[in-house]
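> Spelled out from the first residue to the last, the chains are:
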Amino acid sequence: MQNSILDLDQVSVSFDGFYALTDLDFKLYPGELRSIIGPNGAGKTTFLDVITGKVKPTKGNVKLRGKNIIGLSEQKISRMGVGRKFQTPRVFENLTVQRNLELTASPTKTPWALLTKSLSSVARDEVFKIMEYVGLAPYAKLQAGSLSHGQKQWLAISMLVAQSPDIILLDEPVAGLTDDETSKTAELIKSLAGEHTVVVIEHDMEFIRDLGAPVTVLHQGQKLTEGSLEEVKRDPRVIEVYLGQTDEN
Amino acid sequence: MKLFKRLVPWILLAFAFFILPAMANSELFGFSQFRLNLFGRYFSLAFVALGVDLIWGYTGLLSLGQGIFFSLGGYAIAMHLLLVTKNDFTTGANGLPKFFENYGVDNLPFFWEPFWSFPVSIIAVFIVPSVIAGFVGYLIFRNRIKGVYFSIITQASLMVFYHFFNGQQKLVNGTNGLKTSTTEIFGLVAGSDEAQILFFRITLILLPFAYLLCKYLTSGRFGDSLVAIRDDEPRLRFSGFNPTPFKVIVFVVAGGLAGISGALYTVQSGIVSPQFMSISMSIEMVIWVAVGGRGTLVGPIIGAVLVNYLRSLVSEALPEAWLFVQGALFVFVVVLMPDGIYGWFTKGGFTSMLAAFGIAKKTATYPKLDFDESVQEESFKV
Numbered sequence: 001m002q003n004s005i006l007d008l009d010q011v012s013v014s015f016d017g018f019y020a021l022t023d024l025d026f027k028l029y030p031g032e033l034r035s036i037i038g039p040n041g042a043g044k045t046t047f048l049d050v051i052t053g054k055v056k057p058t059k060g061n062v063k064l065r066g067k068n069i070i071g072l073s074e075q076k077i078s079r080m081g082v083g084r085k086f087q088t089p090r091v092f093e094n095l096t097v098q099r100n101l102e103l104t105a106s107p108t109k110t111p112w113a114l115l116t117k118s119l120s121s122v123a124r125d126e127v128f129k130i131m132e133y134v135g136l137a138p139y140a141k142l143q144a145g146s147l148s149h150g151q152k153q154w155l156a157i158s159m160l161v162a163q164s165p166d167i168i169l170l171d172e173p174v175a176g177l178t179d180d181e182t183s184k185t186a187e188l189i190k191s192l193a194g195e196h197t198v199v200v201i202e203h204d205m206e207f208i209r210d211l212g213a214p215v216t217v218l219h220q221g222q223k224l225t226e227g228s229l230e231e232v233k234r235d236p237r238v239i240e241v242y243l244g245q246t247d248e249n
Numbered sequence: 001m002k003l004f005k006r007l008v009p010w011i012l013l014a015f016a017f018f019i020l021p022a023m024a025n026s027e028l029f030g031f032s033q034f035r036l037n038l039f040g041r042y043f044s045l046a047f048v049a050l051g052v053d054l055i056w057g058y059t060g061l062l063s064l065g066q067g068i069f070f071s072l073g074g075y076a077i078a079m080h081l082l083l084v085t086k087n088d089f090t091t092g093a094n095g096l097p098k099f100f101e102n103y104g105v106d107n108l109p110f111f112w113e114p115f116w117s118f119p120v121s122i123i124a125v126f127i128v129p130s131v132i133a134g135f136v137g138y139l140i141f142r143n144r145i146k147g148v149y150f151s152i153i154t155q156a157s158l159m160v161f162y163h164f165f166n167g168q169q170k171l172v173n174g175t176n177g178l179k180t181s182t183t184e185i186f187g188l189v190a191g192s193d194e195a196q197i198l199f200f201r202i203t204l205i206l207l208p209f210a211y212l213l214c215k216y217l218t219s220g221r222f223g224d225s226l227v228a229i230r231d232d233e234p235r236l237r238f239s240g241f242n243p244t245p246f247k248v249i250v251f252v253v254a255g256g257l258a259g260i261s262g263a264l265y266t267v268q269s270g271i272v273s274p275q276f277m278s279i280s281m282s283i284e285m286v287i288w289v290a291v292g293g294r295g296t297l298v299g300p301i302i303g304a305v306l307v308n309y310l311r312s313l314v315s316e317a318l319p320e321a322w323l324f325v326q327g328a329l330f331v332f333v334v335v336l337m338p339d340g341i342y343g344w345f346t347k348g349g350f351t352s353m354l355a356a357f358g359i360a361k362k363t364a365t366y367p368k369l370d371f372d373e374s375v376q377e378e379s380f381k382v
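As you go down the protein sequences, you meet chains R and S in turn. Take 1 as the starting number for the first sequence in the working numbering and just add one per residue. Take 1 as the starting number for the second sequence in the working numbering and just add one per residue.
Because the hints were derived from the structure by calculation, they are not lab data. Incorrect hints may appear among the rest.
[Claimed, not checked] Simulated pairs of lysine to aspartate or glutamate, EDC-like, Cα-Cα distance not exceeding 20 Å:
1) 347/S with 93/R
2) 54/R with 316/S
3) 54/R with 232/S
4) 109/R with 231/S
Could you put the whole structure together from the sequences, leaning on the hints where they help?
Have a look at this one:
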C-alpha cells in the first residue's frame with residue numbers, strides 16, 4: 001500500500017462548543033481525485049480550513065507526507081504544496097489577469113526575490129499556456145475585477161494550476177458556471193489528477209458524476225460514507241440526510 | 001506624443017529648479033523669495049506624501065502616524081544644526097544650544113552626542129525613522145493587525161510621541177521645539193535667502209530619487225504583491241506568500257521618506273516642534289494623497305503641493321476659512337474623484353466631464369471592445 005500524502009486522524013474542530021468537525025478520519029493518496037459532498041453545514045469548508053492552516057483543530061492530527069502540520073501558518077503549508085480555491089472566486093481584482101497568474105506562478109515568494117528577479121521565461125510561457133487553455137488569453141491585460149463571475153472562477157482555478165501544488169483543494173469550482181463551462185472544468189480537473197492530488201467539494205451532482213471520482217459524504221462534521229457516486233446514492237443514510245426523514249411508515 | 005508626456009514632469013522640474021529661484025531674486029514677476037520658500041516647503045512635503053501613498057495607496061494600510069517619522073527627521077537635522085552652530089542667537093553661555101540654559105541643563109543629554117557629526121546626522125534623518133517604523137511595523141504586522149486597528153494603533157503611537165516630545169523640556173525644549181532659522185549650515189545662516197534657495201534646490205534634486213525609488217518598488221512583481229495585499233491578503237497567504245515582510249519593508253520605506261521630508265521641511269520653515277506630531281498633521285498627509293490620487297506616484301506629489309499652495313492662498317485671504325475649505329475639498333474629491341485629481345485625468349474623467357457638458361463625444365467601451373471575443377467575432381461576420 002502506498003503512503004498517504006494527507007492524513008487526518010480523529011480531527012475535531014469546535015467553535016465555542018459547536019462542533020464543525022467531529023472525529024474525522026480522512027486519507028488521501030498521491031494522484032487521487034476525490035469528491036466531497038454534504039448538505040449545508042456539514043463541515044466541508046471547515047475541513048479545508050483545517051488542512052490549509054486557517055483553522056487549528058481542537059483535537060486530532062493532520063499529517064502532510066507524514067509531517068504534522070498543525071499550528072503552521074497558511075503560507076508555510078502552502079509552500080509545502082497545498083493549494084486552495086475558495087468558495088467565492090477570490091482573485092486580486094486590481095491586477096491584470098496575467099499578473100494574477102504570474103504572481104501565484106512565482107516559485108520564490110520572498111520580497112527580495114520579487115524585487116530583484118523577474119519571472120523565468122519558462123514560468124511565463126506556462127502562464128500563457130494556461131491562459132490559452134482556459135480561454136482567458138484575450139483578457140490577459142484586463143483587470144481581474146472587470147471579469148465576469150464565470151471568468152473569475154476560471155481565473156481562480158488557473159491561479160491554482162499556475163501555483164502547481166501537489167494537493168489541489170477546490171471549494172465549489174463550478175458554482176455559477178454555465179453547463180458548458182462546468183463540463184470543461186470537469187475535464188480540466190480530470191487532467192490535473194494523477195500529476196496532482198485533487199479534492200473537489202461541490203453541490204452539483206451532475207458535475208460530481210462527470211468527475212467519476214470516489215465520493216466522501218460529510219454530515220454534521222462526520223464522515224457518513226465513502227464510495228462511488230452510485231454506491232453513495234443508494235445508501236439510505238445519504239438519502240435521509242439529503243431529503244430529510246423519509247421512513248415515516 | 002508619448003515621449004512628450006513622459007518628459008513633461010522633468011521639464012516642470014527643471015523649470016522649478018532653474019527658473020523659479022531666478023524669478024524670485026529679480027522680483028519682476030510678483031514671485032517673491034517668500035513664495036519660493038513656501039514652494040520649497042510644499043515640495044518637501046511631497047516626500048512624506050509618497051510614503052503615505054506606498055503604505056496606504058498601494059498596500060491598503062491607512063497609517064495615521066506618519067507624523068512621528070516626519071518629526072524625527074526634523075529633530076535629527078535640527079539637533080545637528082543647533083550643536084555645530086556657534087553664534088549669539090543659538091549658543092548659550094555654557095556652549096550648548098541656548099534653550100538648555102532656561103532649564104539649567106549643563107551636560108548635553110547623551111542622545112545628542114552623535115549629532116555633532118554631519119554625516120551621522122544626515123543618515124539619522126532617514127535611518128532613525130526607518131528603524132522605529134521597522135520595529136513598530138514588525139510587531140503590528142506579525143500579529144496580523146490590519147484595517148482600522150492598524151490606523152488606531154499608529155495614531156495612538158503618534159500621541160505617545162507627541163506627549164513625550166511636548167513634555168521633555170530638558171531634552172528637546174518641549175513644546176517650543178528647536179529653532180533652526182538662526183543656525184548656520186555650509187557657512188550660510190539657515191534662514192537667509194541664499195540658504196533657502198539652496199534648500200529649495202536640494203529638495204528638487206532629491207524628489208526625483210524618492211519618486212524613482214517608489215517607482216522601483218511599485219512597478220515590478222513586488223508592487224504586484226503590494227496590490228495583492230490590499231486586494232485580498234488572506235488569499236495571498238494561501239498562495240504561499242508571507243505578507244509580513246512586505247508590509248514591514250513598505251512601512252520602513254514610508255518612514256524613511258517621512259524623515260527626509262521632515263528634515264527638508266524643518267530647515268525651510270525654520271523650526272521643528274511637537275506640532276508636527278499633532279493628529280491633524282498626519283491626517284492632512286492622508287488628505288494630500290487622497291486629493292492628488294492614491295495608487296499613483298505622481299498623484300501624491302501633485303496633492304501635497306496643490307493642497308498646501310491652496311492652503312496658503314486661502315489662509316492669506318480668509319485666515320479662518322482654511323479648515324472648512326480643506327474639509328469641503330476632501331469631501332468633493334472622495335465623492336466626485338475617488339481616484340484623486342491625477343487619477344481623474346488619467347482615467348478619462350476629463351473627457352467624460354466634457355461629454356457631460358456636450359462638448360466631447362460620449363464613448364462606451366465596457367469592458368473593452370478590443371478584448372471582447374464576441375465583439376471581435378461579430379465584426380468579422382459583418
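> Hint by hint, say whether it matches the structure.
Hints versus structure:
no., hint, result
1, 347/S with 93/R, "holds (17 Å)"
2, 54/R with 316/S, "violated (56 Å)"
3, 54/R with 232/S, "holds (15 Å)"
4, 109/R with 231/S, "holds (17 Å)"
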